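Novice: Chains as they are written, first to last, in numbering that gives the first Met the number 0: chain V, 0 to 266; chain Y, 0 to 353; chain X, 0 to 301.
It should be emphasised that the hints constitute simulated quantities derived from the structure, not laboratory data.
Computed from a predicted model, the values in this text were never measured in an experiment.
Don't be surprised by glycine CBs; every beta carbon is placed ideally from N, CA and C.
The reader is advised that the hints may include incorrect statements.
To be verified - For the chain V half of the interface with chain Y, some residues (derived, Cβ under 7 Å), not all of them:
#1 23
#2 162
#3 163
Unchecked claim - If you only want the chain X side, here are some residues facing chain V, beta carbon under 10 Å, derived:
#4 26
#5 48
#6 52
#7 54
#8 73
#9 122
#10 130
#11 156
#12 160
#13 185
#14 206
#15 210
#16 214
#17 221
#18 265
#19 279
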Amino acid sequence: MAKSSFQVARLPGFSTVALLAFLALYVPILTLVVYSFNSETTMGNWGEFSWKWYERAWDNQAVKDATLRSLIIASFAAVFSTALATMAALGTTRRRSFKGQTFIYVMINQPLMVPEIVTAVALMILFGLIKTITGVHGLGYLILAHTAFCIPFAYLPIRARLEGMDLTLETAAADLYASPWATFRRVTLPILMPGVIAGLMLAFVVSLDDVVITEFVKSAGQDTLPTYMLGQMRRQLTPEINAISTGLLVITVVLLTAFFLLTRKKD
Amino acid sequence: MTERNAIEARNVVKAFGQGDSAVRALDDVSVEIREGEFFTLLGPSGCGKTTLLRLIAGFEMPTEGVILLDGQDITYLPPNRRPVNTVFQSYALFPHLTVAQNIAFGLEMQGKPAAEVRARTDEMLALVKLETMANRKTSQLSGGQQQRVALARALAPQPKVLLLDEPLSALDLKLRQAMQIELKRLQVETGITFVFVTHDQEEALTMSDRIGVMSNGKLQQVGTAKEIYTRPKNRFVASFIGETNFLTAEAEGGKVRLGSGDVVNFDAPAKGTVTLTVRPEQLRLGPADEAGAIAATISNLVYFGTDTHVHLELADKTELVARVQSPATGDAGFERGGKVGLRFAPGALQIVGD
Amino acid sequence: MSPAEEAQIKQSARNGWLLSLPAIVVLTIAASGPLLIILLYSFLEGGTHGNVVWSFSTEGWSSILWTKDIFTDSYVWADAHLAIFWRSVKLSLMTTLITFVVGFPTAWFIATRPPKARAFWLFLITIPFWTNLLIRTYAINEVIRVEGVLNLALMQLGIIAEPLRLIYTDTAIFIGMAYVYLPLMVLPLFAAIDRFDMRLLEASYDLYASRWHILRKVILPIVKPGIIAGSILVFVPSLGAYVTPRVLGGGKQMMIGNLIELQFGQGKNWPLGAALSLTLLLIVTVALLYYVRVANGEKKHG
């Protein structure tokens, strides 16, 4: 009889707990997805498979507006925050450490440390004042707020990419008559690109997911998809919410898969 | 080869760090590298050879001193404005470009017309025999091929001086030996001044017109391979290049008295205590009772194939190593504990400074 | 050092600053700067219809702990606030503990898979990590609400006759937070275990250690930085949670986040809201400083 060899890394019960944890993580999500296809309104009765709730969401003007608004804000915030994060990453890596560098790190990572509700309240007060004084109520406030809290997420993969980059490549470019700008354009940026795209995608997902800050900063009629959903959850729940959630879930999974494939190449 | 200087470093000092913790990577180094020569900077790691190379390339600036190229002061000129190219130890090939694009990079940056860039790139591909690899990504190449791309890329803009920073250290022995010949061929064919940095004495001896031996941030000796091997200036040079023996002796007018009491004819310029060096292959072993020979006991024998190292002990316990060619029969007739008579080949003894 | 070298170093530092400046400006305007406004507002007098009146007052701060009884004009303990603080801290600590107990075996499991399988399991943990918090909260709501799948399943199996009324209780919030924050615990734990040299286990077994000894004396001490990082990553957002208690607590079982919102909404007490926000920020800062100290201490020893 073949005996299995002694497994040093095996700890009793760990695998069981882990598999149960994965089960617990996915059962609720799958429930949500499955019931988005239920033709009936309540979970108690399963009617038949149907796209009804997706159609209803699609025909709902409020959902359409909120979706469009979410996408606009996420696009602007992702592009702006990635541009700013790229510059900051270039400024804070691969050079002799300088005075104030720690301050810059703290500033960049600050949105990760301060509870969202606190930032949300602070922004509500500040932007409220500005709105009263100027009378301007645009999406600009939301885009600015989203840009700020997306910066640390965009910064992360770009910085990692820069730190993994061979410094002598730029030295080699300079040696081959490239000016500093030409070195950046022809060598640094192309090699940095996967990191920039990864940052762009993370920032997009983070902006698309935000509830708390948006909820406090938005003016009337500026619902994004998540704040619209939060509003709906106070009322009678219908599987329409499941359908919208499933849609958002699909976007997240697609972007994440792309992100994984993009960053995996590096190794 | 002309007598004009391609590179001249004058009293160059390079300190890293500040105040008390400052380290002098280069300590008052002056050197002249002639146009068209293959010049090697040889020394152990941390001796300052790579720092000197980086100062010539313009990647770093000296703390003190001046660097001239063709008689022009280039000390503070940025690297992209120096007609000097580098082959990096890690090759530093651009991973996002093909072989041909890598080679064309410097030419494009110089703003050469497209036709010329093409022609020159093709020429370079042919020179390093990589015509069939032109459109490959550099990550798909072997170590030796990457090495050749790095060479072609640095040679393409026809620099006044080519700097090579331990370019062969990542290759295995066979490839390294092939590349040594290849490098020498390229240098002769192109007529470009090569400044080659290595810690490998064999590389230095086989390829160089002249060698500069460095240690502790100082240039110890400059000369041809033969000069440096046969007339080492000091203890460091003697021991770093090849194997050698050291003997302490008293010089007394045409003779030296060794620690063992034996007296050897040697025309020493100075009187008093001197340090002598003698290469292992310059020791001659004969019968113990030979007249005029120094009595020695064999303390150990190490067989190396082509030759055998015979470890000897003199009367005063001074230890020496002699290298004896192994005879065809394989047995030189020595044995541990045996007595032999030792002589030095004519002119083999050298006085070295400390 | 030569003047040229010094100039080069200065130039490098200046470039570093210039490149970081745009990000710093945006973050100052829309993240750090506004925190000062809360500080200001916490020392102002509340307006009757919300907002503030521009005169100095410490009422915002004092009313965290005491409320003025309108009838007797005396100060009484603000029991409701204290209860909410207590609930927040209690639930956050419980969440941190349960996510560690479940998350550690999970991270260990992922880290000990063969490379290909590991990427797969890691991906499975990353999806919930990046999925909208609201969606995940809603998903758990689908499971535990009165007509949720949990009750449906249990009644179908005949285990219970009446549906469990979990929703809108502390337990519901606890389950929800444990669910949404579990990936935040697993990822740093995984990173720490991934760096763990498995040969140490062979060495330990060789030196007669039992599995229990190894876990306690070898594994846990070495992956401690990951445990602390994961705990902070779970504890900090738990304490400031807003969405999860709102959806699963139904507005009855509040946490600090909801209490803060209340002051800016129906409560119409902006100075109190501002003071509560700063209190929350203070607790979080203390936790983070503790983390930095422990993490630095680890670095020095390791």
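Novice: Does each hint hold? Answer for all of them.
Specialist: Tested hints:
no. : hint : in the structure
1   : 23   : violated, 43 Å
2   : 162  : violated, 16 Å
3   : 163  : violated, 12 Å
4   : 26   : holds, 5 Å
5   : 48   : violated, 14 Å
6   : 52   : violated, 14 Å
7   : 54   : violated, 17 Å
8   : 73   : violated, 30 Å
9   : 122  : holds, 6 Å
10  : 130  : holds, 5 Å
11  : 156  : violated, 15 Å
12  : 160  : violated, 15 Å
13  : 185  : holds, 8 Å
14  : 206  : violated, 13 Å
15  : 210  : holds, 6 Å
16  : 214  : holds, 6 Å
17  : 221  : violated, 14 Å
18  : 265  : violated, 14 Å
19  : 279  : holds, 6 Å
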